[in-house]
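We have chain A already, so just place chain B on it with the hints.
For the record, the sequence lines run as chains A and B. Letter 11 of the first sequence, counting from 1, is numbered 11 in the numbering used here, and no numbers are missing. Letter 118 of the second sequence, counting from 1, is numbered 118 in the numbering used here, and no numbers are missing.
Check before you lean on any hint, since a few could be wrong.
As the list claims (entries may be wrong) - Only pairs whose alpha carbons sit at most 25 Å apart, straight line, appear in this in silico DMTMM-like list of lysine to aspartate or glutamate:
#, chain 1, residue 1, chain 2, residue 2
1, B, K162, B, D223
2, B, K138, B, D167
3, B, K138, A, D34
4, B, K162, B, E90
5, B, K138, A, E39
6, B, K162, B, E80
7, B, K138, A, D139
8, B, K202, B, D223
9, B, K70, A, E39
10, B, K202, B, D167
11, B, K70, A, D139
By construction, these hints were calculated from the structure, which means they are not laboratory data.
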Amino acid sequence: MRKSVLVILLAIAFVVGSVSFAATYTSTANHNIDVSIPEVAFLRIGNTGTSLTFAPTAEQLASGLAANSTYTMTGTSGQDVLQALVNKGSWSLGVSVSTTTSVTTWAATSTDGLALSQITVTPTVTGDTGIPALVSSFDLGTVSTSGTSIAAADGSGTYTGMTISSGSGTKTQGWQNVGIDAGSYTLTLTGNEAPGSYSAVVTYVLATP
Amino acid sequence: MGKPFVVALAFLALISGVYASEIGVSPSRVDLQATPGSTVTESIDLISNSTTTEHVTVHVSDWTLSPTGKLQFLSNGSAEYSSRSWLQPEAMALDLPPNSTVPFRFSLEVPSDSALDGTYHAMLVFDIGAAAPALNGKVQMSVTTAIGVAVYVSISGTERPKAQLSDMYLGDNGALAVVLSNEGNTLVRITGAIEFRDRDGKTLATQSVDDIPVLRGSQREVDVPVPKSLTSGYYVALALLHDRQGATLSGQLPIQVP
Numbered sequence: 001m002r003k004s005v006l007v008i009l010l011a012i013a014f015v016v017g018s019v020s021f022a023a024t025y026t027s028t029a030n031h032n033i034d035v036s037i038p039e040v041a042f043l044r045i046g047n048t049g050t051s052l053t054f055a056p057t058a059e060q061l062a063s064g065l066a067a068n069s070t071y072t073m074t075g076t077s078g079q080d081v082l083q084a085l086v087n088k089g090s091w092s093l094g095v096s097v098s099t100t101t102s103v104t105t106w107a108a109t110s111t112d113g114l115a116l117s118q119i120t121v122t123p124t125v126t127g128d129t130g131i132p133a134l135v136s137s138f139d140l141g142t143v144s145t146s147g148t149s150i151a152a153a154d155g156s157g158t159y160t161g162m163t164i165s166s167g168s169g170t171k172t173q174g175w176q177n178v179g180i181d182a183g184s185y186t187l188t189l190t191g192n193e194a195p196g197s198y199s200a201v202v203t204y205v206l207a208t209p
Numbered sequence: 001m002g003k004p005f006v007v008a009l010a011f012l013a014l015i016s017g018v019y020a021s022e023i024g025v026s027p028s029r030v031d032l033q034a035t036p037g038s039t040v041t042e043s044i045d046l047i048s049n050s051t052t053t054e055h056v057t058v059h060v061s062d063w064t065l066s067p068t069g070k071l072q073f074l075s076n077g078s079a080e081y082s083s084r085s086w087l088q089p090e091a092m093a094l095d096l097p098p099n100s101t102v103p104f105r106f107s108l109e110v111p112s113d114s115a116l117d118g119t120y121h122a123m124l125v126f127d128i129g130a131a132a133p134a135l136n137g138k139v140q141m142s143v144t145t146a147i148g149v150a151v152y153v154s155i156s157g158t159e160r161p162k163a164q165l166s167d168m169y170l171g172d173n174g175a176l177a178v179v180l181s182n183e184g185n186t187l188v189r190i191t192g193a194i195e196f197r198d199r200d201g202k203t204l205a206t207q208s209v210d211d212i213p214v215l216r217g218s219q220r221e222v223d224v225p226v227p228k229s230l231t232s233g234y235y236v237a238l239a240l241l242h243d244r245q246g247a248t249l250s251g252q253l254p255i256q257v258p
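If we strip away everything but chain B, and leave its shape as in the complex, we get:
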């Protein structure tokens, strides 16, 4: 192997980038259907472009979303509509080889309970274990990454979607707050757009709303920025939203742009 070739290889390694503590998943969330007493099995891909083997620890966690959409991990057993105890990963830990895609299976054992209805959820968390920092009289920290895969399971035939646009108002931060309520028993995902119209009804700007999850029995408040292209004046913000079941959610709010 000639020296120029070695130099070229080194250069390629430099420009291609070297990443540590990298982990990816596909898909990034899972929606399943099941009946009481049944077991469903699913597989996702764990992906690493790291140049070293990553040791991955698997966790199962309860979680919820705050009204502003922040993910909150909860202590086990404290979440409503949790499927955490049904979720069985194929392994609690594994080694992810460099530059690899590894299938990872898990199953959901749904209890034989006829009272179950709607959608339940839990989260699989894949945590790249950080090596313990050296203890040498200094303050040492290891920094690492983890990735969570939301797992939803719906009891077949029992879902009752019922999403509503509860409120719209102009928040203190200048953004348009859109309040969505889920009074049904299943997850709804809201998509659509907010149109900003002048007093003649002409649409001057549009802000898209994409894939907003609202857990069953919960409320979400989504901040939609008022477009900077709108000059000072009076407008109407028109919400044209829909859930994935096709139900339409609409509303409007007169706003003043200072």
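Only chain A is shown next, with the shape it has when bound in the complex:
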């Protein structure tokens, strides 16, 4: 009896072992899947425009500039929403301003004439969750005097700028609105401005240090 049980157990073990042996060596096939995601950083301005115009009419100035008051207007046409995409965890968004193309000289202060500080940028587009430290308001005068600089490789073309938003440990989760479009720019006039053509170039700089 004991011997026959042993024989049966050995037989079962042989059959099971044969099945698993066969399964191991007759059904192997591998598909190696390699996924490679590149590090990227993008910055863009949507739609049609990268220019911004303030063109108050004489009538607007006359009606809006009572004594000791200001006349405020927003930008027209031009810059669509600013968007960023970063898939690394640390990023920084800066802004700089250059006035090298201007015909009429910008004044240092608003009491001397038209100054960059009279142009304020306020986020008007709701920022997406991927940009948690979204910019707060800033004026271009502060930007132009912030004291930091970007210099051209050949030593020319230095301009100044400052950081307006940064993220630590946060990716942007695809294209995200930074919160700035044409309607974000506001010009406040005091009546001291010299007539003329004023121009400036505003540059937003994204980096992932």
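Chain B only, in chain A's frame:
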């Protein structure tokens, strides 16, 4: 070409989006190894999905990070551990065709100085030149974009990473401030998590900390939001962080959520 086809094409153009002043880079930063007296060459991709040709100006800049992590461009020659003067872009300006990816090469000529050690850095900035605004009696502005690529170069075999978790405290803004110090001579990147535990040691919430760069010889303060899911009470914030060399940085702070 039939009219319906033209209409369909116009519709596709509308829904696909048209972007101006767009520029992208890949990779978004570069880590290189070199020896004194050697020259290393690297290439990155400049990418544009814009529908028009973008004229790009190339800058090389010194920079640093503020203790709160804000990027600060510095006037040339004023940055510590700068590799700006070693960095040679292949061109100072180029035209980026519409919907294109263009390789851009640069080289680093490391001086023959045996005293060099650790990691040095600079930044390549690609600036889409804005056309000068029309001067027509108005106030005109052009708005454009630029993108910076951080370039790090380490002198092979000389790196001494030494990162520390210096302090943790609850800031006035309600966030948990984690202070990281880099007393070594190379860049460290800190990753990990902050666990918020109750008095029984049970983890109730976790906030991840991802890829925080701390430049050599500098300090960083990282704000970690206290999870809104925590109700009023006492907790322990436990920092479990590590650098990319594998060193562990840990610490804990009892906090009260009002």
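Violated constraints from the hint list, given by number and in increasing order | Violated hints (numbers, rising): 2, 3, 4 and 5; every other hint is consistent with the structure.
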